[in-house]
Amino acid sequence: MKRLGLVVVLVAFLALPVLAGRVALILDVGGRGDLSFNDMGFKGTEEACAAFGWEMVEIQSATSADYLPNIRNAARSGKFDLIICVGFLLADALNEVAAEFPNQRFAIIDAVVNQPNVLSIVFEEQEGSALVGALAGMLAAEYGYPYVGVVLGIEIPVLYHFEGGYRFGIDWGLKKYAEVTGKTANVGLLWVYTGTFSDIAKGKAAAEAQLEQGAVAVYNVAGPLGIGILEAVAAKLAKENREAGPPFMIGVDANQDWMGDGNKVVASMMKRVDVGCYTAIKMVHEGTFKGGVLSLGLKNKGVAISRYQDLLDFIDFGIKAGAITEADRERIIENWKKMRASIPEWIWKAVDELEAKILSGEIVVPKPETREEMLAVRAKYPLTR
Amino acid sequence: MSWVWRGFRPVLESVLAGLIGLGVGALIMRAWGYHPWPAYVALFKESFGSGYGLASALANATPLILTALTFAVGARAGLFVIGAEGMMYMGAMAAVALSLLRFPSGFHAFLALFCAAAAGILWGLIPAMLRAYRGVHEVISTIMFNWLSHFLSFYLVANILVDPIRAEKTLSIAKTSRLPLLLRGTDLSLGIVVAAGLALVFYVFLWHTVAGYEVRAAGANPHAARYGGVSPQKTVLLVFALGGIAAGLAGAVEVMGRPPTYAVYSGLTNLSGFGFDGIGVAMIGRIHPLGIIPAAIFYGGLQAGARLMQMEAGVPFEMVRAVQGVIVLALALPELTRIFRVLLRGWRLRGERA
Chain A
88 MKRLGLVVVL
98 VAFLALPVLA
108 GRVALILDVG
118 GRGDLSFNDM
128 GFKGTEEACA
138 AFGWEMVEIQ
148 SATSADYLPN
158 IRNAARSGKF
168 DLIICVGFLL
178 ADALNEVAAE
188 FPNQRFAIID
198 AVVNQPNVLS
208 IVFEEQEGSA
218 LVGALAGMLA
228 AEYGYPYVGV
238 VLGIEIPVLY
248 HFEGGYRFGI
258 DWGLKKYAEV
268 TGKTANVGLL
278 WVYTGTFSDI
288 AKGKAAAEAQ
298 LEQGAVAVYN
308 VAGPLGIGIL
318 EAVAAKLAKE
328 NREAGPPFMI
338 GVDANQDWMG
348 DGNKVVASMM
358 KRVDVGCYTA
368 IKMVHEGTFK
378 GGVLSLGLKN
388 KGVAISRYQD
398 LLDFIDFGIK
408 AGAITEADRE
418 RIIENWKKMR
428 ASIPEWIWKA
438 VDELEAKILS
448 GEIVVPKPET
458 REEMLAVRAK
468 YPLTR
Chain B
16 MSWVWRGFRP
26 VLESVLAGLI
36 GLGVGALIMR
46 AWGYHPWPAY
56 VALFKESFGS
66 GYGLASALAN
76 ATPLILTALT
86 FAVGARAGLF
96 VIGAEGMMYM
106 GAMAAVALSL
116 LRFPSGFHAF
126 LALFCAAAAG
136 ILWGLIPAML
146 RAYRGVHEVI
156 STIMFNWLSH
166 FLSFYLVANI
176 LVDPIRAEKT
186 LSIAKTSRLP
196 LLLRGTDLSL
206 GIVVAAGLAL
216 VFYVFLWHTV
226 AGYEVRAAGA
236 NPHAARYGGV
246 SPQKTVLLVF
256 ALGGIAAGLA
266 GAVEVMGRPP
276 TYAVYSGLTN
286 LSGFGFDGIG
296 VAMIGRIHPL
306 GIIPAAIFYG
316 GLQAGARLMQ
326 MEAGVPFEMV
336 RAVQGVIVLA
346 LALPELTRIF
356 RVLLRGWRLR
366 GERA
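Order-wise, the sequence lines are chains A and B. Under my numbering, the very last position in the first sequence is 472; numbers go up by exactly one each time. Under my numbering, the very last position in the second sequence is 369; numbers go up by exactly one each time.
So here's chain B without its partners, still in its complex pose (with noise of 0.2 Å):
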């Protein structure tokens, strides 16, 4: 029976958080004068009860779906790799510059998403050597790499890919380098099959391979894992590898999925934030490859749905967000708990040791 407990507990818990977020949503649009019932009503109908809601929200799973794997499989390792939102910028620059190229249909896509992996490797590999052979911490390093191609990419789009005739954004990815749209007149496109297969993959190799286990073990306790002949370098790169492979990835399948523009617009309006909210995705989906699908699906329904809470319910746009990261927040809370227990425990037995 125990089993059984240790499978549902969570699935309890962020059941119980979520309501609790919902309520505490509910509260602040009363305060502020507007009706609860109608906004949810909204939220809801629109985002998971209808077909073209549901694509809408797997179509926005679809980048933090990759960049949530990317916090995960770091998390798992016992690294905090802020590093997804540069990660991705660089996938997204990848994708594009490819599109400079000319290939055949199919092929085309397939090398522009091997390329951004790569490029997302490349991004990672300075931080990931800083971490592995200097003890540079991780957050500290990431959160500068962010910034570096936060602006490298906004010089990139100004000057070097900008489309010649229409400044404010990209060359448009070329149509050999598509991801083909799963329904016609929604934007669900191929990529959440790309996500969703890379959330599987990491699943198998953090469960059921050697290296992923020693993966594990590092996080779960980096003495031990040491002493059992695990190698902390081995593991910072690998783990950094696989997140740069998975954030490259989710900038390409947004620019090369994502209709009408298939382009990056300048000042990044349409890829900033997707590093972040995939940390947030991470801790709904209690940082495992498998939770994290339904974890980016409900984010993305919150997002679809958010959009009809200001045309049918007529609450505005900052309300919106406002309820939208309270319900993220009280989903996040059962996993930020237990890794602040972490936290904790590890300062203890440091402190111990000293």
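So that you can see chain A by itself, here it is in the shape it has in the complex (with noise of 0.2 Å):
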């Protein structure tokens, strides 16, 4: 009779679902709902815990005050396996609340708190731009555009990797050019900060004097800025009594290519969030996770150029998040496939090209840190015409 009890106990046990670990995601007062960076942490977490057994609990924060609270309140409760804070903006307060719990596994992302519990992602941005820089730089001299263009936002030094990166790839691509056609192109980069990561109105009056001055695309590097971005081409497409670019524009963080019907957006530099948070999870799951930097890049996949089957991923993600519906998407994969078709197949392989000679280590992006660092890229590549 014990011995049968014994069973039923452990049979029930046993039939019980496992919860292998429990992971705190929290979010900086941008929250959900940006088709970006961080709808892009919360997808990366999603996926991890569908893996691996495990169990998210989300928080937003409602003001900038309650990055630390919140912190704080997820390391106390103790039942978290791995708290990971999404944005740079949750440094300071991570730093803090990291040394007041030294045994609570920590991960940040976009930003390095030197503490021996926290794992910093960050990510080789250049390395993407420089792709997407590339890219735009070639369409520009083939299509006898006079300029390219980017718009930021704050200017802080994760920004620098960006503008860096986009420099170095342009110029890249106008000698590519100048080689396989045999002429120069005279190309110069419009760019500007707007000072701001959430103002769409500025994105949108920014990137209209960019395309009126013939910018032949215009890098988004201001998150949801972007959505002004995209009105602005779409705007002077609708001008010219056209519906694909040029001009474009380029997306970033998520893929973005999606967005305006698929015909708009020639290409995204994606930059990964969910991959590191995935990453972050994963360690904790396997037992190799420990403190430190994680740098993620071409390399392992942490930067990228979107390809085809980043749009079909996207395109689920933006139907999830019911930006788009079910019906639009053979319309988007089909206007996306014409868009890409429409562009010389040199230029692609070039792209890859210059993807090839990062992965191997044949060509370094030079990766600004500072101002004084970002003034010696602009020095070398001013790109004026």
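In case anyone wonders, no lab produced these hints; they're calculated from the structure. Idealized CB from N, CA, C, for every residue including glycine. One or more hints might be untrue.
[Claimed, not checked] Non-contacting residues of chain B with respect to chain A, defined by C-beta distances greater than 10 Å in every case (computed):
#1 GLY33
#2 LEU34
#3 ARG149
#4 TYR218
[Claimed, not checked] Estimated spans, in silico, between C-beta atoms of each pair:
#5 A:GLU299 with B:ASN174: 24 to 34 Å
#6 A:ALA428 with B:PRO331: 40 to 50 Å
#7 B:ILE180 with A:ALA137: 56 to 66 Å
[To be verified] Computed footprint of chain A on chain B, listed as stretches where at least three residues anywhere in the stretch have a Cβ under 8 Å from a Cβ of chain A:
#8 273-279
#9 318-325
Bring the two chains, given one by one in their own frames, into a single complex with the hints.
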């Protein structure tokens, strides 16, 4: 009888779903619904939880005064195997809490927090930016546009990676054009720091100005401002009675190729926040987690230029977020294929070539970290007409 | 007995209103498939059931007490001062600006608070004069000044007071100018003493001085007050100045006393809303300086507990905000109806005269 009881208990125990771990995902005031940075963090965490049998708790912040209490509350509860902070704005607060709770594991995206229990996940944005820069430079030369453009957010060091890589890439692309065609193109760069990551109208105004001067593509390095940039591109195209670019937008963070009906965003510099979150959870799950800096670049798929499979993945993402519907899927895919096919094959080959050279280490893209280093890169690649 | 009833009635009304709010909030959660009980347990257990939670509630209450005082002192004089938001930004800017200078510890903080109060007064000066001498309605002028302050502060944060190596925020408040934390490992700073102290000062002023009596008289019946020799211009200027002091201090204590960054973020994301939340708090506190203190602590507790509703009960952020809004609205109802009754009476009086 006693043995039977034991068996029953054992069976009941085994039948219970096993919860392998718990993760708290803490977001900054930007919050969910940006179809970009924060939603990507959620996506990666959700996927990891599904893969490893973990449970996720999502905590959004109403104001920036919530960062510290939100992280602290999660740490105090003691029920999380990992606490992921999405975004550099949370760095100060995490630095404090990580010291208060030395046995709690933390990860932060896009910032370096020097504590032994924090995994800092940063990205080699300059590598992906070089690829889209080369693409933009070659497009301008091929189509006879005088400029390429970029609209940036607040002037913080992370954005220097984007600007530096983009400049390098444009320069490389123009040289490639000369090599392939034997002609030289006079192409300049239009760039502006808008000072905001939230004022969509500013993004639109900045992009309008660049498109008016003849930019073939505007690279979005300001998160949500991309919505405004895309509006400006669409308006410019509508004025010329066309649907597909050029001019184009170049997407950022998420794959934004599906936005604007699939034919206005030529490519996206994907910064895979989702890969970062997934990797952090995987490390804890497999027992390989330790504090320090984890840098994600082209090599480990942390950054990438968007391709066909990414389009398919992110159309699902857009449908799930309610930005598009199932009915749009086929049309967007068709439009995208047509748009990509309209661009000469040699340009895509050249982009692949640059990627291979960065991967092999033959080419090292400049990665400015400070204002001084940025000024040096600007001086080396002035890109004025 | 009637004075006991007079004291208790508002409390009873508020408790009833609060219960109704909680009930409606529970129904909303139920309707969307969340469990109200664990959500409310998380909300109150954490905010009022633990020392840390209570400290969070008090820390959140600090700026709200001050902005609520701005609205309350105006309302006592019959004015709808919506301008706490803008005055508060100016106070915060003054506190950050003062950190560019070097002073000994303690004195530095005192000076920063003083300048923040002065900045609040200055920001209210033009709407006050427009009201006093030109009859421009304070609701219109203070809302406009809120936007002026909003964009001026945006500019200051991004260009003048910006941290040269971290452009997402202003310079951090100098160590000599920070308000010390009352409890380590919490957000609770000396600011709560400043806020509660000022509430006490406002109470004494309004109910135990001649000038305060005149302010209340002007609010209760402007015609009778003027007949009795109370200068309406003086009352308006005085009330705006007092409101400016409170709101200016609200911005200052928030940046000087809130760890870890001690700075204003670009987009004002750690400040925006205190001025408007203060109006709600003033309503819950029955626009009485001493009622405002528990009202603000309750409101601050709701904010602290809301953070845990997400974590403990899995209620999404947007739902938490909706439930919070319903509770606050319910609590503000008794005072709102009273204000509307007064307004209605004013219109009728005016109608009869015409």
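Results for each hint:
1. GLY33: holds, 21 Å
2. LEU34: holds, 25 Å
3. ARG149: Nearest chain A Cβ is 34 Å from ARG149 of chain B, so the label holds.
4. TYR218: At roughly 27 Å from the nearest Cβ of chain A, TYR218 of chain B sits farther out than 10 Å, so the non-interface label holds.
5. A:GLU299 with B:ASN174: 24 to 34 Å: Because 26 Å falls inside the window, the suggested range holds.
6. A:ALA428 with B:PRO331: 40 to 50 Å: About 42 Å separates the Cβ atoms of ALA428 of chain A and PRO331 of chain B, which means 40 to 50 Å holds.
7. B:ILE180 with A:ALA137: 56 to 66 Å: violated, 40 Å
8. 273-279: Per the Cβ count (4), the hint holds.
9. 318-325: Per the Cβ count (6), the hint holds.
Of the numbered hints listed earlier, the single one contradicted by the structure is hint 7.
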